[in-house]
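Participant: In case you want the letters, here they are:
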Amino acid sequence: EAQVTQNPRYLITVTGKKLTVTCSQNMNHEYMSWYRQDPGLGLRQIYYSMNVEVTDKGDVPEGYKVSRKEKRNFPLILESPSPNQTSLYFCASSLSRAAYEQYFGPGTRLTVT
Amino acid sequence: RKEVEQDPGPFNVPEGATVAFNCTYSNSASQSFFWYRQDCRKEPKLLMSVYSSGNEDGRFTAQLNRASQYISLLIRDSKLSDSATYLCVGWGGGADGLTFGKGTHLIIQP
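Chains A and B, in that order, give the protein sequences. Residue numbers for the first sequence follow my numbering, beginning at 1 and rising by one. Residue numbers for the second sequence follow my numbering, beginning at 1 and rising by one.
If you are wondering where the hints come from, they were derived from the structure by calculation, not from laboratory data. Just so we're clear, the structure is a prediction, and the values are computed from it rather than from any experiment. Here a beta-carbon is modelled for each residue, glycine too, at the ideal position from N, C-alpha and C. It is possible that some hints are incorrect.
Stated by the list, open to error - Cut-off 27 Å, straight-line C-alpha distance, at most; resulting in silico cross-link-like pairs (DSS-like, lysine-lysine):
{"id": "1", "chain 1": "A", "residue 1": "Lys18", "chain 2": "B", "residue 2": "Lys79"}
{"id": "2", "chain 1": "A", "residue 1": "Lys65", "chain 2": "B", "residue 2": "Lys42"}
{"id": "3", "chain 1": "A", "residue 1": "Lys65", "chain 2": "A", "residue 2": "Lys18"}
{"id": "4", "chain 1": "A", "residue 1": "Lys57", "chain 2": "B", "residue 2": "Lys45"}
{"id": "5", "chain 1": "A", "residue 1": "Lys69", "chain 2": "A", "residue 2": "Lys57"}
{"id": "6", "chain 1": "A", "residue 1": "Lys71", "chain 2": "B", "residue 2": "Lys79"}
{"id": "7", "chain 1": "A", "residue 1": "Lys57", "chain 2": "A", "residue 2": "Lys17"}
{"id": "8", "chain 1": "B", "residue 1": "Lys45", "chain 2": "A", "residue 2": "Lys71"}
{"id": "9", "chain 1": "B", "residue 1": "Lys45", "chain 2": "B", "residue 2": "Lys79"}
{"id": "10", "chain 1": "A", "residue 1": "Lys65", "chain 2": "B", "residue 2": "Lys45"}
{"id": "11", "chain 1": "B", "residue 1": "Lys79", "chain 2": "A", "residue 2": "Lys57"}
{"id": "12", "chain 1": "A", "residue 1": "Lys17", "chain 2": "A", "residue 2": "Lys65"}
{"id": "13", "chain 1": "A", "residue 1": "Lys18", "chain 2": "A", "residue 2": "Lys57"}
{"id": "14", "chain 1": "B", "residue 1": "Lys42", "chain 2": "B", "residue 2": "Lys79"}
{"id": "15", "chain 1": "A", "residue 1": "Lys69", "chain 2": "A", "residue 2": "Lys17"}
{"id": "16", "chain 1": "A", "residue 1": "Lys71", "chain 2": "A", "residue 2": "Lys57"}
{"id": "17", "chain 1": "A", "residue 1": "Lys18", "chain 2": "A", "residue 2": "Lys71"}
{"id": "18", "chain 1": "A", "residue 1": "Lys18", "chain 2": "A", "residue 2": "Lys69"}
Said to hold, decoys possible - Every beta carbon over 12 Å from chain A, so not counted as near; a handful from chain B, in silico:
{"id": "19", "residue": "Val19"}
{"id": "20", "residue": "Glu43"}
{"id": "21", "residue": "Ser53"}
{"id": "22", "residue": "Arg66"}
{"id": "23", "residue": "Ala67"}
Can you make the complete structure from the sequences, with help from the hints?
Facilitator: This is the structure in structure tokens:
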């Protein structure tokens, strides 16, 4: 089954404790991205990757890191999480940045206390 | 910066009614538009593309008005299962990726 998976789905953590949210897709997509979704603010892109070893900042990259060592995986790293990073996070992939259909993972609900 | 604006709602509509909502965009260079659907606490999924000539898929009709820079979505004979948030999405054509509106929340009431 073609899909984007994320782990964990739910996470409660404390300020400053490093965490990684994994994202994996099995569709051989070149383009992957991370979004956060907050009430009243909609989906905002954090980082994106157009291919292996190619990453770039989205609209709200501060406080986040990413890496793309393999085509299928695109982990999101929060080195020192803060309460303002409490949000719903989505990973997405598509054939390319030019493709309009993005496939989203199921989401990770993160709470930072 | 491209912007896509939507009325957040909620739109409360009785089952069986027809409902329509629009979104407006600020970048006339935007090439294409789409509607995504997002169920509560779930991931967004592509619903349909929007063309100037109109695009109909069953009970759903999407329309693009380039002169007035707005996109519309019409849902006929609404079902309880249509309750969701509908995201208007603009596509600048490659380099800029997708621009998501904040969504319109639709509630179909029995």
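Participant: Of the numbered hints stated previously, which ones are contradicted by the structure, given in increasing order?
Facilitator: Numbers 1, 6, 11, 20 - these are the hints that the structure violates, sorted from lowest upward.
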